[in-house]
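> For reference, the chains in residue letters:
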Amino acid sequence: DVKVTQSSRYLVKRTGEKVFLECVQDMDHENMFWYRQDPGLGLRLIYFSYDVKMKEKGDIPEGYSVSREKKERFSLILESASTNQTSMYLCASSLWRGGVNTQYFGPGTRLTVL
Amino acid sequence: KNEVEQSPQNLTAQEGEFITINCSYSVGISALHWLQQHPGGGIVSLFMLSSGKKKHGRLIATINIQEKHSSLHITASHPRDSAVYICAVTQEANTGNQFYFGTGTSLTVIP
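Line by line, the protein sequences give chains A and B. Heads up, the first sequence stops at 104 in the numbering used here, and the numbers go up one at a time, no gaps. Heads up, the second sequence stops at 130 in the numbering used here, and the numbers go up one at a time, no gaps.
The set of hints was computed from the structure by calculation and includes no laboratory data. Warning: the hint list may mix true and false statements.
Okay, derived cross-link-like pairs now, SDA-like style, lysine to any residue, Cα gap no bigger than 25 angstroms in a straight line [what the hints assert, rightly or not]: (1) A:LYS47 x B:GLN117; (2) B:LYS87 x B:GLY35; (3) A:LYS(-7) x B:PRO58; (4) A:LYS8 x B:GLY60; (5) A:LYS47 x B:LEU30.
Please model the entire structure based on the sequences and the hints provided.
Listed below in structure tokens is the structure:
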């Protein structure tokens, strides 16, 4: 079974702090994604990566950066956390198989910025 | 603009009722996914469809490619079906790796 793990389930940080969210997948997937999920807005793509050291901005990259130094690990960084970044953060990895892209999600990190 | 629209946003049903959740999309797709998210956050994939119909237990998913529409049906609903159901599509091959998600349908099944 594919396993996608995230470093924390719940996190509370203060405004201005630097925050690291880590995601690890164990199935050698090339593609990895970071989303945030807010009520009424659904899942919104922050960044994705299709290979080591490669990254692409998603729909809402402002205030975030990412790092992919190893294939299995994709980190999301909030350089200076703000209260409007309070959200559920979901990591996913995916692979193309048979012409179809299938995503596998981590359990999520609920981040509260005070 | 929303590439994927779901309805209804919220749904409350009595145990045993037949439930339908709808999804419409506006992009060319290689596949459509129905996902389930229970309280606590974890998302699991229920179905992946590129045509026709799939059934798993009490869940049935259908897709009409010409009309760009899919439905998720739950027969004999049960309180443990209470969750958020999310429709997602992957674009046609060679147009990128992105997924587009609906905003989800929050289902509550009352005993």
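> Each hint needs a verdict: does it hold in this structure or not?
Consistency of the hints with the structure:
1. A:LYS47 x B:GLN117: This hinted pair holds, its Cα atoms lying about 11 angstroms apart.
2. B:LYS87 x B:GLY35: Distance ~29 angstroms between LYS87 of chain B and GLY35 of chain B Cα, so the pair is violated.
3. A:LYS(-7) x B:PRO58: holds, 19 angstroms
4. A:LYS8 x B:GLY60: holds, 23 angstroms
5. A:LYS47 x B:LEU30: Roughly 34 angstroms between the alpha carbons, so the hint for LYS47 of chain A and LEU30 of chain B is violated.
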